[in-house]
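With chain B held as given, fit chain X onto it using these hints.
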Amino acid sequence: MKVNLRIWRQKGPESAGSFQDFPNVEVVPEMSFLEMLDEVNRALEAKGQEAVTFDSDCREGICGSCGAVVNGDPHGPGKANTLCQLHLRSFQDGDTITIEPWRAKAFPVVRDLMVDRSAFDRIIQAGGYITARTGSAPDANSVPIGKERADEAMEAATCIGCGACVAACPNASAMLFTSAKVSHLGLLPQGQPQRFDRVQKMVDQMDAEGFGGCTNHSECEAACPKEIGVKFIARLNADLIKANLGNLRK
Amino acid sequence: MTAFFSLAKSTIGKKAIMAGSGLIMVGWIVLHMAGNLLVFAGQDHFNAYAEMIQSGFHIEPALLWAMRITLLACVGLHIWAAVGLSGRNRAARPVAYAGGRKNHATSYAAEFMLGAGVVLLLYLVFHLLHLTVGVFSDDVVQHAAFSKKDAYRNLVVGVGNPVVGAFYVLANLALGMHLHHGIKSAFQTLGLNDDRWNPLKDALTRWVPVFTTGAALLVALSCMFGVGVLIEAPDLSWTPSH
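Residue numbers (the working numbering), protein chains in the order written: chain B, 405 to 654; chain X, 176 to 417.
Chain B extracted, bound-state conformation (with noise of 0.2 Å):
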């Protein structure tokens, strides 16, 4: 099978971009979306021309490394996939798939399909953690939580941290990751001494890296990889609205 790629080529994050078209790539159903861009780099280092960059690691969709926009779907079609976990089997022989980076200001292009999520790493640890005795791991279930309370803060836990929902919300917001990210902690006990504290910390640090609000389009949860809903989105207003008016800060 064979597809026509146009995927985004850009020197650097101050350079302007554009599509760089491949014609007629030879493919087999089987292969992997990153398998695919490895055979294109080959080919393009055969020549002597320089490869497309790229992020990956795990390749399992579970590390949150890989990521870009395929055809207007962040990690391309279809539901709870990475780009890594999505195969040559989902198009169609003489396709032309369209590949860009996350688009956000947020977010710079380092260079092609790669750009700067430190953004996010700055957002945890403007709050991202809890503050407690370090040791030995306490014994399991020394601390009860309720199954429907521990399933919750695990469906938040399960946040790869991507990108995939700032990239598909139409205002590249980051309110589905920073929800996440405060709610699994805040769902339970050893979150709850810094609560208010790391919503309001997390949220000014959200908003000072440019990302978007929030308008409920609910784009993010249709794209997120694992399935994150918009429910922690109003937990996360929730919270900051407490913080806020009861004055639960510290």
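Be a bit skeptical, because a hint or two may be false.
One side only, chain B facing chain X, incomplete, derived with CB under 7 Å [said to hold, decoys possible]:
no. : residue
1   : T502
2   : R507
3   : A530
4   : I534
5   : N575
6   : E613
7   : G617
8   : S622
9   : E623
10  : A638
11  : N641
12  : A642
13  : L649
These aren't lab readings, by the way, just hints derived from the structure by calculation.
Ideal placement from N, C-alpha and C gives every residue a C-beta, glycine not left out.
Okay, now just chain X, sitting in the frame of chain B:
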């Protein structure tokens, strides 16, 4: 007040202010539309209802102004938050997707939110000048002998004009769309998205726009086509201006 200002600094706080002011206006719009349906009860009933509001609900004339100032403050806060947030949202993606971005979850109402908001602001200004202040002293846009004593005639003649009536119809369709996404968003912004609140949210999201737009269209179309809104007692003091 300190809490209000600390909240107003963050994007989420601005949205909470937008949600709160929006919900107050939604409540008022529902009452206003229910009142408008009294037009079908006839001239006397409708004018008695208008006089009740003019007199501050027969309690205290200042109540009318308290209500007006509250609503005006809500409109102001709502627009202030919208301008700030939408500017930020546009700035958050300075380079658009060259190959486009597909939508999978959003609605037309959500996408048309800002556009509908602008339509509603224009409509609000026109509507107040048209039927509250009465500045258009001709028989085309408005009843020439506009009178606070005859709100019924002002409405029936004013909205009866096909062009004016069509504007009311379009604006109220925009209102329905704005309320559909607005009510849903307000619940989400105020953190009320769980099994306890969702039945109420879903019911209001569906039925409030149906009621407000339905009632407004019913009144506007009745005035335009002269169905069910006959002026029973002709106002003999009225003399045509031309």
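Hints, verified against the model:
no. : hint : result
1   : T502 : holds, 4 Å
2   : R507 : holds, 5 Å
3   : A530 : violated, 13 Å
4   : I534 : violated, 22 Å
5   : N575 : holds, 4 Å
6   : E613 : violated, 9 Å
7   : G617 : holds, 4 Å
8   : S622 : holds, 4 Å
9   : E623 : holds, 5 Å
10  : A638 : holds, 3 Å
11  : N641 : holds, 5 Å
12  : A642 : holds, 2 Å
13  : L649 : holds, 5 Å
Taken one by one, the earlier hints fail for this structure at numbers 3, 4, 6, listed in ascending order.
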